[in-house]
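Work the whole structure out from these sequences, hints included.
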Amino acid sequence: MAKKLALIASKGSLDWAYPPFILASTAVALDYEVHIFFTFYGLTLLKKDLSELKVSPLGNPAMPMPVPMPNFMQMLPGMENIATMMMKQKIADKGVASVEDLRTACLESGVKLTACQMTVDLFDFKPSDLIDGIEYGGAATFFEFAGESDVNLFI
Amino acid sequence: MEFDKEVDATGLNCPLPILRCKKGLSEIDATQVLKVISTDPGSVKDFNAFCVQTGHELLQLDSNDTTFTFYIKKRSS
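Residue numbers (this note's numbering), protein chains in the order written: chain A, 1 to 155; chain B, 1 to 77.
Keep in mind the hints are simulated off the structure, nothing from the lab.
Watch out, some of these pointers could steer you wrong.
With a straight-line Cα cutoff of 30 Å, these simulated DSBU-like cross-link-like pairs (lysine-lysine) come out [unchecked claim]: (1) Lys88/A / Lys3/A; (2) Lys47/A / Lys90/A; (3) Lys112/A / Lys3/A; (4) Lys35/B / Lys94/A; (5) Lys54/A / Lys126/A; (6) Lys126/A / Lys47/A; (7) Lys11/A / Lys47/A; (8) Lys23/B / Lys35/B; (9) Lys5/B / Lys35/B; (10) Lys4/A / Lys23/B; (11) Lys73/B / Lys48/A; (12) Lys5/B / Lys11/A; (13) Lys11/A / Lys73/B; (14) Lys73/B / Lys4/A; (15) Lys94/A / Lys11/A; (16) Lys48/A / Lys126/A; (17) Lys88/A / Lys11/A; (18) Lys5/B / Lys94/A; (19) Lys48/A / Lys23/B; (20) Lys88/A / Lys45/B; (21) Lys90/A / Lys35/B; (22) Lys88/A / Lys23/B; (23) Lys45/B / Lys11/A; (24) Lys23/B / Lys5/B; (25) Lys35/B / Lys3/A; (26) Lys88/A / Lys48/A; (27) Lys45/B / Lys3/A; (28) Lys73/B / Lys90/A; (29) Lys4/A / Lys45/B; (30) Lys126/A / Lys73/B; (31) Lys48/A / Lys94/A; (32) Lys45/B / Lys47/A; (33) Lys54/A / Lys73/B; (34) Lys90/A / Lys45/B; (35) Lys23/B / Lys94/A; (36) Lys126/A / Lys112/A; (37) Lys35/B / Lys11/A; (38) Lys47/A / Lys4/A; (39) Lys23/B / Lys112/A.
Since the model is a prediction, treat every value here as computed from it, not as a measurement.
As structure tokens, then:
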């Protein structure tokens with residue numbers, strides 16, 4: 001019987017979009033059955049348009065910067081866009097997959113994606129803003145799969 | 001070494017070489033051999049782990065400073 005991986009994706013920034021989709025697509029390649037539950041900011045990763053994903057140096061002292069930058073500079077207008085642009089350039093230069101490509105790989109290989117219904121309501125997301133082929137459910141839906149999974153991760 | 005299909009994963013980073021390998025394996029028959037070329041140094045450990053977990057057989061690994069070439073025999077069932 002196939003092993004099972006259950007993930008909770010709770011973050012919606014460009015950098016944190018990677019771990020759930022990398023782990024899910026790789027686990028499927030290793031013949032796992034995979035289920036990702038998207039809740040709170042993680043729901044952003046199910047939007048049709050992922051071009052709005054951003055990364056912020058603010059409050060992230062471990063983020064490598066080309067030049068050392070005092071904390072107050074990082075909150076200047078435009079800094080988030082510059083950091084995001086630089087990160088996207090690096091991703092392309094180093095042959096790292098885009099978030100879109102990894103998500104498509106997950107969808108095509110049968111990873112089950114569930115949007116947290118409560119968060120959809122809380123943030124007034126419209127199902128038409130989200131991609132097709134996903135399911136909507138709550139914590140009990142997650143446990144139905146997670147309870148019999150071999151690996152469970154909260155990201 | 002003889003092979004039945006070749007997958008070029010050069011310039012790609014984790015997890016893409018593994019995903020391309022998996023796709024390549026799905027396009028050949030059981031016991032046929034897939035050749036995968038990668039430039040990701042992490043892929044050496046990853047391809048070993050992939051084969052151990054999936055039952056495909058890593059027949060041979062040729063590596064030089066920058067390129068890693070894997071020959072993988074698809075499992076019989």
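Going down the list of hints, with the structure as the test:
Among the hinted pairs, Lys88/A with Lys3/A is inconsistent with the structure: their alpha-carbon atoms are about 34 Å apart, more than 30 Å. Our distance criterion of 30 Å between C-alpha atoms is met by Lys47/A and Lys90/A, whose separation comes to about 23 Å. The straight-line distance between the Cα atoms of Lys112/A and Lys3/A is roughly 14 Å, inside the 30 Å bound, and the hint therefore holds. Straight-line distance between C-alpha atoms of Lys35/B and Lys94/A comes to about 23 Å, which keeps the hinted pair within the 30 Å bound.
In summary, the hint linking Lys54/A to Lys126/A is supported, as the alpha carbons are separated by about 21 Å, within the 30 Å threshold. Of the pairs offered as hints, the one joining Lys126/A and Lys47/A holds, with about 10 Å between alpha carbons and a cut-off of 30 Å not exceeded. The straight-line distance between the Cα atoms of Lys11/A and Lys47/A is roughly 13 Å, inside the 30 Å bound, and the hint therefore holds. A C-alpha spacing of about 12 Å is found between Lys23/B and Lys35/B, which places the hinted pair at or below 30 Å, so the restraint holds.
The straight-line distance between the Cα atoms of Lys5/B and Lys35/B is roughly 6 Å, inside the 30 Å bound, and the hint therefore holds. With a C-alpha separation of about 20 Å, the suggested pairing of Lys4/A with Lys23/B holds against the 30 Å cut-off. Between Lys73/B and Lys48/A the CA atoms are separated by roughly 38 Å; this puts the pair beyond 30 Å, and the hint is violated. The suggested pairing of Lys5/B with Lys11/A is violated, with an alpha-carbon distance near 39 Å, which exceeds 30 Å.
In summary, the hint linking Lys11/A to Lys73/B is not supported, as the alpha carbons are separated by about 39 Å, beyond the 30 Å threshold. Distance hint between Lys73/B and Lys4/A is fulfilled; the C-alpha atoms sit about 25 Å from each other, no more than 30 Å. For the suggested pair Lys94/A and Lys11/A, the alpha carbons sit about 23 Å apart, so the restraint of at most 30 Å is met. Only pairs whose Cα atoms come within 30 Å are accepted, and Lys48/A paired with Lys126/A is accepted, the gap being roughly 11 Å.
Of the pairs offered as hints, the one joining Lys88/A and Lys11/A holds, with about 18 Å between alpha carbons and a cut-off of 30 Å not exceeded. Between Lys5/B and Lys94/A the CA atoms are separated by roughly 26 Å; this keeps the pair inside 30 Å, and the hint holds. Straight-line distance between C-alpha atoms of Lys48/A and Lys23/B comes to about 25 Å, which keeps the hinted pair within the 30 Å bound. With a C-alpha separation of about 27 Å, the suggested pairing of Lys88/A with Lys45/B holds against the 30 Å cut-off.
Restraint check: the Cα-Cα separation between Lys90/A and Lys35/B comes to about 29 Å, which is no more than 30 Å; the hinted pair holds. Using a Cα cut-off of 30 Å, the hinted pair Lys88/A and Lys23/B holds, with the two alpha carbons roughly 26 Å apart. At roughly 29 Å between alpha-carbon atoms, Lys45/B and Lys11/A fall within 30 Å of each other, so this suggested pair holds. With a C-alpha separation of about 11 Å, the suggested pairing of Lys23/B with Lys5/B holds against the 30 Å cut-off.
For the hint linking Lys35/B to Lys3/A, the alpha-carbon distance of about 27 Å falls within 30 Å, and the restraint holds. At roughly 18 Å between alpha-carbon atoms, Lys88/A and Lys48/A fall within 30 Å of each other, so this suggested pair holds. Taking the CA atoms of Lys45/B and Lys3/A, the gap is near 21 Å; set against the 30 Å cutoff, the hint holds. Taking the CA atoms of Lys73/B and Lys90/A, the gap is about 35 Å. The hint is violated against a cut of 30 Å.
Proximity of Lys4/A to Lys45/B is assessed by CA-CA distance (about 22 Å); at most 30 Å being required, the pair is judged to hold. Using a Cα cut-off of 30 Å, the hinted pair Lys126/A and Lys73/B is violated, with the two alpha carbons roughly 47 Å apart. Distance hint between Lys48/A and Lys94/A is fulfilled; the C-alpha atoms sit about 25 Å from each other, no more than 30 Å. At most 30 Å may separate the alpha-carbon atoms for a hinted pair to count; Lys45/B and Lys47/A exceed this at roughly 34 Å.
Our distance criterion of 30 Å between C-alpha atoms is broken by Lys54/A and Lys73/B, whose separation comes to about 41 Å. The straight-line distance between the Cα atoms of Lys90/A and Lys45/B is roughly 24 Å, inside the 30 Å bound, and the hint therefore holds. As the CA atoms of Lys23/B and Lys94/A are separated by approximately 22 Å, the hinted pair is consistent with the 30 Å bound. In summary, the hint linking Lys126/A to Lys112/A is supported, as the alpha carbons are separated by about 20 Å, within the 30 Å threshold.
Of the pairs offered as hints, the one joining Lys35/B and Lys11/A is violated, with about 37 Å between alpha carbons and a cut-off of 30 Å exceeded. Our distance criterion of 30 Å between C-alpha atoms is met by Lys47/A and Lys4/A, whose separation comes to about 25 Å. Under the criterion of a C-alpha separation no larger than 30 Å, the hint pairing Lys23/B with Lys112/A is consistent with the structure, at around 19 Å.
Comparing the model with each numbered hint stated earlier shows that hints 1, 11, 12, 13, 28, 30, 32, 33, 37 do not hold.
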